[in-house]
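Asks: Go ahead and model the full structure; you've got the sequences and the hints to work with.
First to last, the protein sequences are chains A and B.
Numbered as in this note's numbering, the first sequence ends at 287 without a single skipped number.
Numbered as in this note's numbering, the second sequence ends at 287 without a single skipped number.
Each hint should be verified, as a subset may be incorrect.
Label pairs and their in silico Cβ distance ranges [as the list claims (entries may be wrong)]:
{"#": "1", "chain 1": "A", "residue 1": "Ser101", "chain 2": "B", "residue 2": "Arg258", "range": "50 to 60 Å"}
{"#": "2", "chain 1": "A", "residue 1": "Pro94", "chain 2": "B", "residue 2": "Ile231", "range": "54 to 64 Å"}
{"#": "3", "chain 1": "A", "residue 1": "Pro285", "chain 2": "B", "residue 2": "Pro220", "range": "29 to 39 Å"}
{"#": "4", "chain 1": "B", "residue 1": "Pro186", "chain 2": "A", "residue 2": "Glu235", "range": "41 to 51 Å"}
{"#": "5", "chain 1": "B", "residue 1": "Gln154", "chain 2": "A", "residue 2": "Arg111", "range": "51 to 61 Å"}
{"#": "6", "chain 1": "A", "residue 1": "Arg165", "chain 2": "B", "residue 2": "Gln154", "range": "42 to 52 Å"}
{"#": "7", "chain 1": "B", "residue 1": "Arg165", "chain 2": "A", "residue 2": "Arg111", "range": "32 to 42 Å"}
{"#": "8", "chain 1": "B", "residue 1": "Arg283", "chain 2": "A", "residue 2": "Pro94", "range": "51 to 61 Å"}
{"#": "9", "chain 1": "B", "residue 1": "Pro139", "chain 2": "A", "residue 2": "Glu169", "range": "40 to 50 Å"}
{"#": "10", "chain 1": "B", "residue 1": "Arg177", "chain 2": "A", "residue 2": "Gly259", "range": "48 to 58 Å"}
{"#": "11", "chain 1": "A", "residue 1": "Ser190", "chain 2": "B", "residue 2": "Arg275", "range": "42 to 52 Å"}
{"#": "12", "chain 1": "B", "residue 1": "Pro94", "chain 2": "A", "residue 2": "Arg255", "range": "45 to 55 Å"}
{"#": "13", "chain 1": "A", "residue 1": "Gly90", "chain 2": "B", "residue 2": "Arg177", "range": "49 to 59 Å"}
Rather than coming from a laboratory, the hints here were simulated on the basis of the structure.
Here the structure is a predicted model, which is why all the values come from computation and not from measurement.
We put the beta carbon where it would ideally sit given N, CA and C, even for glycine.
Protein chains: 2
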Amino acid sequence: MSEADTRKPIVVLVRPQLGENIGKAARAMLNFGLTEMRLVEPRDGWPNPSAGPAASGADTVLERARVYASTAEAVADCAHVYATTVRKRGVTKPVVTPEEASREMAGAQGRSAILFGPERSGLETEDVALARAILTVPINPEFGSLNLAQAVILCAYEWSKHEALVQPTQEELLPPAPQEDLDGLIAHLEAMLEPKGYFRPESRAEATRRTLRGVLTKPGWNHLEVRTLRGVLSSLQREPKF
Amino acid sequence: MSEADTRKPIVVLVRPQLGENIGKAARAMLNFGLTEMRLVEPRDGWPNPSAGPAASGADTVLERARVYASTAEAVADCAHVYATTVRKRGVTKPVVTPEEASREMAGAQGRSAILFGPERSGLETEDVALARAILTVPINPEFGSLNLAQAVILCAYEWSKHEALVQPTQEELLPPAPQEDLDGLIAHLEAMLEPKGYFRPESRAEATRRTLRGVLTKPGWNHLEVRTLRGVLSSLQREPKF
Numbered sequence: 046m047s048e049a050d051t052r053k054p055i056v057v058l059v060r061p062q063l064g065e066n067i068g069k070a071a072r073a074m075l076n077f078g079l080t081e082m083r084l085v086e087p088r089d090g091w092p093n094p095s096a097g098p099a100a101s102g103a104d105t106v107l108e109r110a111r112v113y114a115s116t117a118e119a120v121a122d123c124a125h126v127y128a129t130t131v132r133k134r135g136v137t138k139p140v141v142t143p144e145e146a147s148r149e150m151a152g153a154q155g156r157s158a159i160l161f162g163p164e165r166s167g168l169e170t171e172d173v174a175l176a177r178a179i180l181t182v183p184i185n186p187e188f189g190s191l192n193l194a195q196a197v198i199l200c201a202y203e204w205s206k207h208e209a210l211v212q213p214t215q216e217e218l219l220p221p222a223p224q225e226d227l228d229g230l231i232a233h234l235e236a237m238l239e240p241k242g243y244f245r246p247e248s249r250a251e252a253t254r255r256t257l258r259g260v261l262t263k264p265g266w267n268h269l270e271v272r273t274l275r276g277v278l279s280s281l282q283r284e285p286k287f
Numbered sequence: 046m047s048e049a050d051t052r053k054p055i056v057v058l059v060r061p062q063l064g065e066n067i068g069k070a071a072r073a074m075l076n077f078g079l080t081e082m083r084l085v086e087p088r089d090g091w092p093n094p095s096a097g098p099a100a101s102g103a104d105t106v107l108e109r110a111r112v113y114a115s116t117a118e119a120v121a122d123c124a125h126v127y128a129t130t131v132r133k134r135g136v137t138k139p140v141v142t143p144e145e146a147s148r149e150m151a152g153a154q155g156r157s158a159i160l161f162g163p164e165r166s167g168l169e170t171e172d173v174a175l176a177r178a179i180l181t182v183p184i185n186p187e188f189g190s191l192n193l194a195q196a197v198i199l200c201a202y203e204w205s206k207h208e209a210l211v212q213p214t215q216e217e218l219l220p221p222a223p224q225e226d227l228d229g230l231i232a233h234l235e236a237m238l239e240p241k242g243y244f245r246p247e248s249r250a251e252a253t254r255r256t257l258r259g260v261l262t263k264p265g266w267n268h269l270e271v272r273t274l275r276g277v278l279s280s281l282q283r284e285p286k287f
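Replies: This is the structure in structure tokens:
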């Protein structure tokens, strides 16, 4: 994959329902030069015969689409994950417009991904928890009825405004670690906390995990920082040394 | 019609073919607060029973749509007319993006209108001749496949950026915790790491402390997040609970 391609955001469709909508999303993407689509648990499997006709020629996007068993796996190699949602989720993450997100992604190091939820229900809280920021299209408060392909096209359109720009690489800071590094850190800490009863009572466990993930997702630690923290955890697991 | 409404651009569909596309265009408009649609010689007459279902609730736009016998009549009361087209027509008019057109319209006096051509063929030269400028969406030169509703939604979306009403409400993020909270967290962690030999050899201790502080300072955690992490540390210090 060329360097130009790895700068483009990945469109991640989480549990999409209709093949037709996957095709329309591909068409929306390619209009503005986005080519990498990932599918998380598409309802009707993949490939889907309804997708091609709806793509109106954007078959190349569909052919290259990859399928993942979970949202976490789909964004494991991504350093900048945005969750599109119109609803307030009580999640305290930065909320950005497509314009702001595009500006951030255009200047970012590491791969970016934008998560789009199922047609009816939108993203689940656990999907949103994986993201560093929430991407919201500012919409008519009295009539919000964006469909999947429309949400995709607005994001792709905004992104395309930055395409002509040559990306300067004077940034000395390391990019945030890929999501899988962060997941490893979180899993390590959770495994240590579990036997201590940190996640009890069971009824609060899910919310507690989400809170912890939120706290650890916020920093955008690079891979060296994540490695340092893994060392801290390993050290805490050791017997005292005197 | 209120003054706010007369500042909004009118969407003029010239010889639209499918009622379904008229409905989709209405839905696209209302998402971003545009309410006035005009139809020039709709192929299948008006009203069209296919339009309503495709509008997904934007019926108010369809109900208020007015039909005209010619493009000239449809824009007779407009001071600023834009013709959307992807093709060069050999017409020497300014070419603007949706962004530029929206900026112009937002600052303009008198009514604005955007002309959209029939699904297959686009606007005729005579329609374009009525416009002051050509509005073109910058698109992937290798794959340009915007449908009518998509062209409408991109224009409506850009316009909406100038409407103060629909700006997103950023959830109030808590400020970073005071430094003493962070210092308390770092001291707590260091006290746990010390007996594990984390800071040995002694010659590296200072650099190691600095690295750790750097990693923990980067996030800008708020006081709730710091409290969560203090809880994590306390939990790790406890004996296992079974």
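Asks: Now, for every hint given, state plainly whether the structure supports it.
Replies: Hint check results:
Under the hint 50 to 60 Å, the C-beta atoms of Ser101/A and Arg258/B, about 55 Å apart, fit the expected range. Restraint check, Pro94/A to Ile231/B: a C-beta distance of roughly 58 Å satisfies the suggested window 54 to 64 Å. A hinted range of 29 to 39 Å holds for the C-beta pair Pro285/A and Pro220/B, which are about 38 Å apart. Range check, Pro186/B to Glu235/A: Cβ separation about 48 Å, and the 41 to 51 Å hint holds.
Range check, Gln154/B to Arg111/A: Cβ separation about 52 Å, and the 51 to 61 Å hint holds. Hint check: Arg165/A to Gln154/B, Cβ distance near 43 Å, so the stated range 42 to 52 Å holds. Between Arg165/B and Arg111/A the beta carbons are some 34 Å apart, a value that agrees with the proposed interval 32 to 42 Å. Checked against the given bound of 51 to 61 Å, the beta carbons of Arg283/B and Pro94/A, roughly 56 Å apart, stay inside it.
Against the hinted window of 40 to 50 Å, the Cβ-Cβ separation of Pro139/B and Glu169/A comes to about 47 Å, which satisfies the hint. Distance hint check: the CB atoms of Arg177/B and Gly259/A are about 50 Å apart, consistent with the given range 48 to 58 Å. A beta carbon spacing of about 45 Å between Ser190/A and Arg275/B agrees with the range 42 to 52 Å that was offered as a hint. Checking the proposed 45 to 55 Å range against Pro94/B and Arg255/A shows it holds: the Cβ atoms sit about 47 Å from each other.
Between Gly90/A and Arg177/B the beta carbons are some 51 Å apart, a value that agrees with the proposed interval 49 to 59 Å.
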